[in-house]
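Protein chains: 2
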Amino acid sequence: MKVSVVKNVLDANDRIAMENRALFDKNKIYVINLMSSPGAGKTTLVERTIEALKDKYAIAVIEGDIQDTCDADRVAKLGIPVVQINTGGACHIDGNMVREALPAFNLEKLDLLLVENVGNLVCPAEFKIGENTKAMILSTPEGADKPAKYPRMFQESTVMIINKADLLPYVDFDMERARRDARATNRGINIFEVSCKTSSGLSDWFRWLEDQIESFKKLNP
Amino acid sequence: MKVSVVKNVLDANDRIAMENRALFDKNKIYVINLMSSPGAGKTTLVERTIEALKDKYAIAVIEGDIQDTCDADRVAKLGIPVVQINTGGACHIDGNMVREALPAFNLEKLDLLLVENVGNLVCPAEFKIGENTKAMILSTPEGADKPAKYPRMFQESTVMIINKADLLPYVDFDMERARRDARATNRGINIFEVSCKTSSGLSDWFRWLEDQIESFKKLNP
Numbered sequence: 001m002k003v004s005v006v007k008n009v010l011d012a013n014d015r016i017a018m019e020n021r022a023l024f025d026k027n028k029i030y031v032i033n034l035m036s037s038p039g040a041g042k043t044t045l046v047e048r049t050i051e052a053l054k055d056k057y058a059i060a061v062i063e064g065d066i067q068d069t070c071d072a073d074r075v076a077k078l079g080i081p082v083v084q085i086n087t088g089g090a091c092h093i094d095g096n097m098v099r100e101a102l103p104a105f106n107l108e109k110l111d112l113l114l115v116e117n118v119g120n121l122v123c124p125a126e127f128k129i130g131e132n133t134k135a136m137i138l139s140t141p142e143g144a145d146k147p148a149k150y151p152r153m154f155q156e157s158t159v160m161i162i163n164k165a166d167l168l169p170y171v172d173f174d175m176e177r178a179r180r181d182a183r184a185t186n187r188g189i190n191i192f193e194v195s196c197k198t199s200s201g202l203s204d205w206f207r208w209l210e211d212q213i214e215s216f217k218k219l220n221p
Numbered sequence: 222m223k224v225s226v227v228k229n230v231l232d233a234n235d236r237i238a239m240e241n242r243a244l245f246d247k248n249k250i251y252v253i254n255l256m257s258s259p260g261a262g263k264t265t266l267v268e269r270t271i272e273a274l275k276d277k278y279a280i281a282v283i284e285g286d287i288q289d290t291c292d293a294d295r296v297a298k299l300g301i302p303v304v305q306i307n308t309g310g311a312c313h314i315d316g317n318m319v320r321e322a323l324p325a326f327n328l329e330k331l332d333l334l335l336v337e338n339v340g341n342l343v344c345p346a347e348f349k350i351g352e353n354t355k356a357m358i359l360s361t362p363e364g365a366d367k368p369a370k371y372p373r374m375f376q377e378s379t380v381m382i383i384n385k386a387d388l389l390p391y392v393d394f395d396m397e398r399a400r401r402d403a404r405a406t407n408r409g410i411n412i413f414e415v416s417c418k419t420s421s422g423l424s425d426w427f428r429w430l431e432d433q434i435e436s437f438k439k440l441n442p
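The listed protein sequences correspond, in order, to chains A and B. Using the numbering used here, the first residue of the first sequence is number 1, and each one after it goes up by one. Using the numbering used here, the first residue of the second sequence is number 222, and each one after it goes up by one.
Hints in this document: simulated from the structure, not taken from any laboratory. Note that the structure is a prediction, hence the values are computed from the model and not measured. Note that beta-carbon positions come from the ideal geometry of N, C-alpha and C, so glycine has one too. Treat the hints with care, since some could be wrong.
Calculated Cβ distances over 10 angstroms to all of chain B for the following chain A residues [as the list claims (entries may be wrong)]: (1) D11; (2) A22; (3) K26; (4) G79; (5) P81; (6) E176; (7) R180; (8) A184; (9) E193.
A short, non-exhaustive set of chain A residues, derived as facing chain B with CB atoms under 7 angstroms [stated by the list, open to error]: (10) G88; (11) C91; (12) E142; (13) E156.
Pulled out of the complex, with its shape left as it was, chain A reads as follows (with noise of 0.2 angstroms):
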């Protein structure tokens, strides 16, 4: 008896990433797929985000975590629809997991929907979820090697916020050095410093991504 093997787990999620993301692009949903180590921020632009652009967008939220809602209970108190993924040890979301979240939302009445990843600067950006784009926060605290010790994570985004900038007066932390890394290992990243503690740099991030909406709404429209 023949027996079929499941060559590649990431082929497979590729396949339904791509699914996913036919049915946003036929709902011009634009998509983020939000990563980061733990701590370092994703929540906190989360809000930032929404709270500056939830009067032009209609906007939803899905929470990834190994356990608990307390990420995606924030976000609730802003309003905005969110679905918490629990993935119960897994260390990333993979393009299942969203599929299986979508039905909770009324996808024909979205304009953005911001995927919070799991903690984790390595697994996640392995899996493709069917997003626009990727986009992960460094922190200040963890310091300017990250980009040279964890290549693939600043390869994958479209995006590097640089974050926790308040902290620079009391940190370690080269920027030079983690803008140069990130850039010749990804020579077309988009950098930006902010911090979302004190808002600092957050509206050129905010003005950003809504040209990346407006441009995506053209080309579906």
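Given the structure of chain A, go ahead and fit chain B onto it with the hints provided.
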């Protein structure tokens, strides 16, 4: 024809970890598996620990990184034998990787082996390497919600080192919550509050570690 199946990769890893452990015991080497999110301060803790204990114990280090040797280069400057494991993309080190690294050391001469894992708060907790102790670092900028959100790491660890205490005035870190949630998942966890930058609190960690090594030596005379 019968197809044999490896049911559980973790079972196979546990077996190799046990073999490593037997080899360590035979050579009277106390082994620490050091884990944390990227940038929490593992390498700096390794440096401080070497500086404090190298006159008393023969120390060696295994550095686990996805690529590059920058942490190993830092340790080598202290005159300590160090082997770099490059995982080539993998998000943790396992028993077999450690086994492959051991022939580079003169095991009979060692007292203490520090194994620095890949920066990741999820996957490394699942893979034994033959260690006596799993120690994890939580840095204050990551936030006090991490024990609740990444419980397995805190369940598996004997030690939680809360690092970057020097940043407490500048970050929102609820020390009571971090301690309470870590103890809720692992009642006996040993907690140290330190700053590897200023060296505050480190003497308690060094004393605890010395006690562990001395107790271990008595059990393996």
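Evaluation of the provided hints:
| no. | hint | verdict |
| --- | --- | --- |
| 1 | D11 | holds, 17 angstroms |
| 2 | A22 | holds, 29 angstroms |
| 3 | K26 | holds, 34 angstroms |
| 4 | G79 | holds, 22 angstroms |
| 5 | P81 | holds, 22 angstroms |
| 6 | E176 | holds, 16 angstroms |
| 7 | R180 | holds, 15 angstroms |
| 8 | A184 | holds, 12 angstroms |
| 9 | E193 | holds, 16 angstroms |
| 10 | G88 | violated, 11 angstroms |
| 11 | C91 | holds, 4 angstroms |
| 12 | E142 | holds, 3 angstroms |
| 13 | E156 | violated, 12 angstroms |
Checked against the numbered hints given earlier, the structure breaks hints 10, 13 and satisfies all the rest.
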